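Okay, so the sequence shown: first residue is 1 according to our numbering, each after it adds one.
No lab work stands behind these hints, which were simulated from the structure alone.
Nothing here was measured: the structure is a model prediction, and the numbers come from that model.
Some hints could be false.
[As the list claims (entries may be wrong)] Heads up, simulated DSSO-like pairs for lysine-lysine below, C-alpha to C-alpha not over 27 Å straight-line:
id, residue 1, residue 2
1, Lys175, Lys130
2, Lys175, Lys123
3, Lys108, Lys123
4, Lys130, Lys169
5, Lys193, Lys130
6, Lys193, Lys108
7, Lys169, Lys123
8, Lys130, Lys108
9, Lys169, Lys155
10, Lys193, Lys250
11, Lys175, Lys193
12, Lys108, Lys15
13, Lys155, Lys15
14, Lys15, Lys122
15, Lys175, Lys122
16, Lys155, Lys108
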Amino acid sequence: MISALIALPSHVRRKLAGALESGSLAPPFTPASLRSMAGVADEAVLNALQEWRRLGVSGRAGAAWLRSLEEAASGVVPASLVWTGPEAKGLHSRDTRQVYEEMIGSAKRSILISSYAYFDGKKAFQLLAKRMDSSPELRASLLLNIERGQQSTTKSEDLVRRFADRFWKSDWPGKARPSVYYDPRSLELDGPKGVLHAKAVITDEDALFITSANLTEAALDRNIEAGVLLRDRTIVLTALAHFRGLIDQKLLLPLP
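Can you make the complete structure from the sequences, with help from the hints?
This is the structure in structure tokens:
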């Protein structure tokens, strides 16, 4: 399946990605629609798209993956280490808060932030809220964990509603609202639980910051935290496609 898409000429892949992202090429995929929207008449490509559909891969996620192929030959991944905590003499590294604030401040089109925990929401989200209020074109997504307390038997929907009420009334300081998503597995009463533990920031589809730091003052300024800032679009788009896939396939759910 993948080999047929990899084998496409670069300009055809770009056209196919554009058609998938815009929705002009959408299920049910047919030879005629594929030829008309992307200029492709390859049965193997059609089979690949139909397999994507069966797997629940959205047009946006597929487009992001196709675009990542354009960067696959870029060579060495441009990366820089990012740290919080005491500075080691003779070693230079970026600062966690500095990178976090620079990414939010420079984002023009989109920003995705995933964090397991945050503290003092008005302070933690202040910079993002200001950017969104001053830049209506900026689209933001927050991926946050909702915790079930030990011994709690409260219904999952009640926990989500309480979290949403507190978040929008007390934690979010802006007028423009981000899209917020959570992992419903963290609220299950029975069976193996999972939590949204990823800490990452993606801006404008060209920068990815992966870090051990949560959105807390201690993590951004005092703890020993380690991270890496990547500007290789292959990796950035692959990570973004993964997060979008979790949302599109309803493995992450929107906060009311």
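Hint check results:
1. A C-alpha spacing of about 9 Å is found between Lys175 and Lys130, which places the hinted pair at or below 27 Å, so the restraint holds.
2. For the hint linking Lys175 to Lys123, the alpha-carbon distance of about 15 Å falls within 27 Å, and the restraint holds.
3. This hinted pair checks out: Lys108 and Lys123 have alpha carbons roughly 22 Å apart, not beyond 27 Å.
4. Among the hinted pairs, Lys130 with Lys169 is consistent with the structure: their alpha-carbon atoms are about 17 Å apart, no more than 27 Å.
5. Between Lys193 and Lys130, the direct Cα distance comes to roughly 35 Å. Violation of the 27 Å bound is thereby established for this hinted pair.
6. Restraint check for Lys193 and Lys108: the C-alpha separation of about 36 Å exceeds 27 Å, so the hint is violated.
7. A distance of roughly 14 Å separates the Cα atoms of Lys169 and Lys123; the hinted pair therefore holds under the 27 Å criterion.
8. The straight-line distance between the Cα atoms of Lys130 and Lys108 is roughly 13 Å, inside the 27 Å bound, and the hint therefore holds.
9. For the hint pairing Lys169 with Lys155, the CA-to-CA distance comes to about 21 Å; that is within 27 Å, so the pair holds.
10. A distance of roughly 17 Å separates the Cα atoms of Lys193 and Lys250; the hinted pair therefore holds under the 27 Å criterion.
11. Taking the CA atoms of Lys175 and Lys193, the gap is about 34 Å. The hint is violated against a cut of 27 Å.
12. Distance hint between Lys108 and Lys15 is fulfilled; the C-alpha atoms sit about 24 Å from each other, no more than 27 Å.
13. Under the criterion of a C-alpha separation no larger than 27 Å, the hint pairing Lys155 with Lys15 is inconsistent with the structure, at around 47 Å.
14. Taking the CA atoms of Lys15 and Lys122, the gap is about 42 Å. The hint is violated against a cut of 27 Å.
15. A hinted pair counts as satisfied when its Cα atoms are at most 27 Å apart, and Lys175 with Lys122 qualifies at roughly 12 Å.
16. Of the supplied pair hints, the one linking Lys155 and Lys108 is violated, its CA atoms being roughly 39 Å apart against a limit of 27 Å.
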